[in-house]
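Chain F: place on chain S using the hints.
These protein sequences, in sequence, are chains S and F.
One point on numbering: in my numbering, the residue at position 40 of the first sequence is 27, and numbering is uninterrupted.
One point on numbering: in my numbering, the residue at position 4 of the second sequence is -9, and numbering is uninterrupted.
Don't read these hints as lab results, they were simulated from the structure.
Any given hint could be a false lead.
Since the list gives no way to pick out one identical chain from another, each pair is judged satisfied if it fits inside one copy or across any two copies.
[Stated by the list, open to error] Below are the EDC-like pairs computed for lysine to aspartate or glutamate, each with C-alpha atoms no more than 16 angstroms apart in a straight line:
| id | residue 1 | residue 2 |
| --- | --- | --- |
| 1 | K192 | E265 |
| 2 | K192 | E267 |
| 3 | K149 | E95 |
| 4 | K109 | D258 |
| 5 | K176 | E138 |
| 6 | K97 | E138 |
Please read these numbers as outputs of a predicted model, since none were measured by experiment.
There are 2 protein chains.
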Amino acid sequence: MRQSTRQVMVGNVPIGAGAPITVQSMTNTDTRDIAATREQIEALAAAGCDFVRVAVPDQKAAQALSSLVEHSPVPLVADIHFNHRLALRSLEAGVHKLRLNPGNIGSEDKVREVVKAAQERKVPIRIGVNSGSVSSALLARYGRTATAIVESALEHIAIFEKLNFFDIVVSLKSTEVEMTVAAYEELSKRVPYPTHIGITEAGTKWFGTIKSAAGLGALLSRGLGDTLRVSLTADPVEEVKVGWAILSALGLRQRGPVFISCPTCGRTEIDLEGIAAEVEKRLSDFPLPITIAVMGCVVNGPGEARYADLGITGGKGVGLVFRHGQILRKVPETELVDALVAEANNLLAER
Amino acid sequence: MRQSTRQVMVGNVPIGAGAPITVQSMTNTDTRDIAATREQIEALAAAGCDFVRVAVPDQKAAQALSSLVEHSPVPLVADIHFNHRLALRSLEAGVHKLRLNPGNIGSEDKVREVVKAAQERKVPIRIGVNSGSVSSALLARYGRTATAIVESALEHIAIFEKLNFFDIVVSLKSTEVEMTVAAYEELSKRVPYPTHIGITEAGTKWFGTIKSAAGLGALLSRGLGDTLRVSLTADPVEEVKVGWAILSALGLRQRGPVFISCPTCGRTEIDLEGIAAEVEKRLSDFPLPITIAVMGCVVNGPGEARYADLGITGGKGVGLVFRHGQILRKVPETELVDALVAEANNLLAER
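One chain only, chain S, in its complex shape (with noise of 0.2 angstroms):
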């Protein structure tokens, strides 16, 4: 079950209590170049990215926010480090979003002047800490430790709190997955913001796939988590299509079908790695939800196969489209794959 949690809205998309768990990415042009930027935002939104964040390092990148905004399908959240002026100007833009930490930007008035006007436009903050950033007082007292990480958010909270804030989400990031967890535990115990959850620097795209898969699948299925992203050291659209992935995975989320297929076996008598390969490309951009199973076992196969909303198997050369558990038909080995696809495209026809 879902960790209970407060809901806040970024632009028209919910985050926390009960709200799909959303995907979102970052993008990695030159915020500055609106062009460019622009692209990479219509890119990842066209992907499934429910929200996109940029870096807004100076005040050219806040100025160029005001254009990027308005052009964006989706809301934006505006990344700050430091200056709180940034933060005002990306506000004034009209950001859906902030990801800032109250305790790093100056004094307790700068603060209030943020605060105020992110109330103002109902605007949330993300806290974001990662195990890299807690301060050397709590890594003193508490060591390099899940606990260090919380009281270091819990420090931030504390701040936007004091100023009657509450619409706040929190990130809680460290390289390790098993004092991610630990963290993310221990917070979701101690208050009730929805929380963003990642893997930080997860890491090359093949094996940060792998980490960021690890690391929060072992979070979701604990039922902490409402926004995620993944981090990869790739293009940004790789990691919306992760992000998706892993939701689907779980059964959380879907975008599209998701095809579940046989490992191929000293058994398997037809080419299951090729027909696999093809289904998924010939059905990648179908729209409905559906599971379909790809299956070249007899051992296996039909059971496994039943509850899908279609399937296939075979074996020696012939094979079964089945649909909810129904055999419709059985066709050479050859005509596998268009008689699925044409079975997915009989499915879209009558919904």
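Only chain F this time, still in chain S's reference frame:
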């Protein structure tokens, strides 16, 4: 903390009771093709597969096992369905583990014969239940639930226990991650046997990798699982690589270096994606289990890279090389990878 389980031995490789979590896979060659199967077993062992399972669908496959066992660099597991004679032949051939469900091979006499032969050779047996193979009686009673899967396993376990056979490994697989987690949690409260974990029919290479990582992350982070197999519709060597990456990502077991790297963002001022990919490629066969950080962000980079064995971080054409938190040198961006590789080799020479 890992769940406490009994220990069994697969040849010289322990499973359970705190032993390192093993990575396994299964050949997808025709077992009767001895040359092809030997070649694949060797490739799997070279990739770090702790033991290899082979399908034994008929007597000819069982006959091939003697030669396969003799030449294999790692223990072998015979995968048997329905036929107790194939189990007996496999044991005679010297396999180190069986995968066999006693409720599916016929009379109690047949089970007794297999158990006796396994006991004589100290060979453990894995009971493998998946949601597609649960009996209709259990489905009628418990529905399509985790409990139905667990009760199915307990029926098979009871057959072995009645014959005083306890060298049991259990796997409980469902295509649904949530149900798989619930089933292993329930089983761990009922019996002390070590478990083989995996997400069955996980799917195509990309989606299956993500689904396996998310599901195994959920299980392993709860201390569940003593040996794992990643199922992919792909070359089984890829299953082994993904298995190791999952264990590395969770900090449970490491083979070679782990790379952490920043997502690129609007603040990145070096070609981080290119540098990270080059580092991963040049150090992929590096033998020490160290952590290498490739960071491009002046905000989070230095803090995170502190804890890595080796790290590089950069901006505006120049970079720093770190070792255990100490800056070693400042080099031009173009020499950053060479400098890192040189330091890795220094580390290797010292150990």
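Right, here's what the structure says about each hint:
no.	hint	result
1	K192 / E265	between (23 angstroms within a copy, 12 angstroms between copies)
2	K192 / E267	between (20 angstroms within a copy, 10 angstroms between copies)
3	K149 / E95	within (10 angstroms within a copy, 72 angstroms between copies)
4	K109 / D258	neither (55 angstroms within a copy, 37 angstroms between copies)
5	K176 / E138	within (13 angstroms within a copy, 34 angstroms between copies)
6	K97 / E138	neither (22 angstroms within a copy, 61 angstroms between copies)
The earlier numbered hints that this structure contradicts are 4 and 6.
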